[in-house]
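Participant: Chain residues, written in single-letter form:
Protein chains: 2
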Amino acid sequence: METVVIVGTGLIGASLGLALKAAGFDGRVVGVSSAPAIRDALDRGAIDEARPLVQAVARADLVFLSQTIGRILDTLRVIGPCLRPETLVTDAGSTKSRIVDQARSSLRGAQFLGGHPMAGKEKRGASEADPALFAGRTWILTPTNPAHLEAPPARELLFWIRKIGALPLVMAPEEHDRVVALTSHLPQLLSTALAATLSLRLTAPEHLKAAGPGLADMTRLASSSYDLWKDILETNRTAVEGALAASIEELQRLRAGLTSDQTRIAFETAAAFAARLRK
Amino acid sequence: METVVIVGTGLIGASLGLALKAAGFDGRVVGVSSAPAIRDALDRGAIDEARPLVQAVARADLVFLSQTIGRILDTLRVIGPCLRPETLVTDAGSTKSRIVDQARSSLRGAQFLGGHPMAGKEKRGASEADPALFAGRTWILTPTNPAHLEAPPARELLFWIRKIGALPLVMAPEEHDRVVALTSHLPQLLSTALAATLSLRLTAPEHLKAAGPGLADMTRLASSSYDLWKDILETNRTAVEGALAASIEELQRLRAGLTSDQTRIAFETAAAFAARLRK
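Protein sequences appear in the order of chains A and B. Numbering that gives the first Met the number 0 puts the first sequence at residues 0 to 278. Numbering that gives the first Met the number 0 puts the second sequence at residues 0 to 278.
Treat the hints with caution; some may be incorrect.
Unchecked claim - Pairs of lysine-lysine residues, derived as DSS-like cross-links and limited to a Cα-Cα distance of at most 27 Å, are as follows:
1) A:Lys-208 to B:Lys-162
2) B:Lys-120 to A:Lys-208
3) A:Lys-122 to A:Lys-229
4) B:Lys-120 to B:Lys-229
5) A:Lys-122 to B:Lys-278
In short, the hints are calculated from the structure, not lab data.
So here's chain A without its partners, still in its complex pose (with noise of 0.2 Å):
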């Protein structure tokens, strides 16, 4: 592997450059970005040059796309032509069915390989990049078919996955993209919900004050932008409607009966996931 292609220089694809530097790869890194973002990617060291789409593509033996879900999806549908048989696509999507599919119908030539790095910021963009983001962090990847991970181009990857400290997890896509559902996607919107109920009901400044640590944890996701939210709740839309309809069921079971046995039930059940959770 000579030249990683980083299509997306924000905060994974400029920290993925990091890493595999820190890593010890000395290939050449190529960004492909926004003008701004190429230049804080240059400026944190993460890529070694910037080139457009179509070029880039055109050498990479890894081509790496860290864009929100709607734009890998565009790119999908524009590469194809221009890759290399030998050349391996991943991805770090949220969702992976429709990118799955897409790769499937865009890229007959060349191979793919879904993927999903379980790692992250609050703050995003180049500048906060840290060759240190994926250490012991799950990387989950969803091939089509398991034998396509004993390919040599995505047995590199896997080795350079590891090497950066990230833990490989292997998916089925849709299995993925319920299981995210639930540990990401629904967090989300309970968070979003109970922020949006709060606002309209504590409107007077000395409300707040009489809030604890509690409802900053449970209040932390409610911060991220629509925009990024947008394109994961559209691309996961089945499996969030019920996990959505799982978890108003249980708030309506514990509302009918809050001093209830099931309410102990619930609690205790609860605690138990959260300690499994911790283990």
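Chain B: place on chain A using the hints.
Facilitator: Coordinates of chain B only, in the frame set by chain A:
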């Protein structure tokens, strides 16, 4: 104020003892609690001595009830006849209307001022007590009549609340209960509902590897024990049911139009609230 009686020397009660001593209180701090709680509180130096309830409150200038809500109600029913008229009784119960009502009917002779220090820790017990637990935290007081704050024992309580670094905030008992239903009880139930929902649906160990720090934030409260929450939910049922209903409606709106303008507005409203909370 020479004798402070702390009824219930758990985390909150023992922390108040330590905080008073650290702030220069040189009177006696008498503890009333179970044998193990008393032993821990004496070990930590949070109290000077232990006494049975009736004997202790008979000599108190200030009685601080830091028990669960149910036990505070029981204690109020018992101590009325033993109090001197100049004694002030206050408490740390998480809901206020029921406690204030009980005090009004049970403490006809003495003075009562409901309180709720917004402080805590994940771990309980006097062994976790901390003289700085209240520093920088809001301490809500719920007089039924604001003039009660002008009585000399209430002024002295306020002096010590400020002296230990807490920030007094005055609210009517009913307003307190409506506000904490939103800032504390609703976040708890959303966290519990989220963790209970996920518990049934994420059964494979690798599913939890797909979880990021957002889910950890959103399930921290889910570790709470129902034994503490049962009394809170029971004594604030109407406000909690109303808060739950409002959040269920918000979630139903989100579910009905995940990529609609209404959802964009909910995200923007929520982010503005999260920013307001953090100011």
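Participant: Does each hint fit the structure? Answer for all of them.
Facilitator: Hint check:
Proposed proximity of Lys-208 (chain A) and Lys-162 (chain B) is supported: the alpha carbons are some 19 Å apart, at most 27 Å. Taking the CA atoms of Lys-120 (chain B) and Lys-208 (chain A), the gap is near 18 Å; set against the 27 Å cutoff, the hint holds. Only pairs whose Cα atoms come within 27 Å are accepted, and Lys-122 (chain A) paired with Lys-229 (chain A) is accepted, the gap being roughly 18 Å. Our distance criterion of 27 Å between C-alpha atoms is met by Lys-120 (chain B) and Lys-229 (chain B), whose separation comes to about 19 Å.
A distance of roughly 17 Å separates the Cα atoms of Lys-122 (chain A) and Lys-278 (chain B); the hinted pair therefore holds under the 27 Å criterion.
Hint compliance for this structure: no hint is broken.
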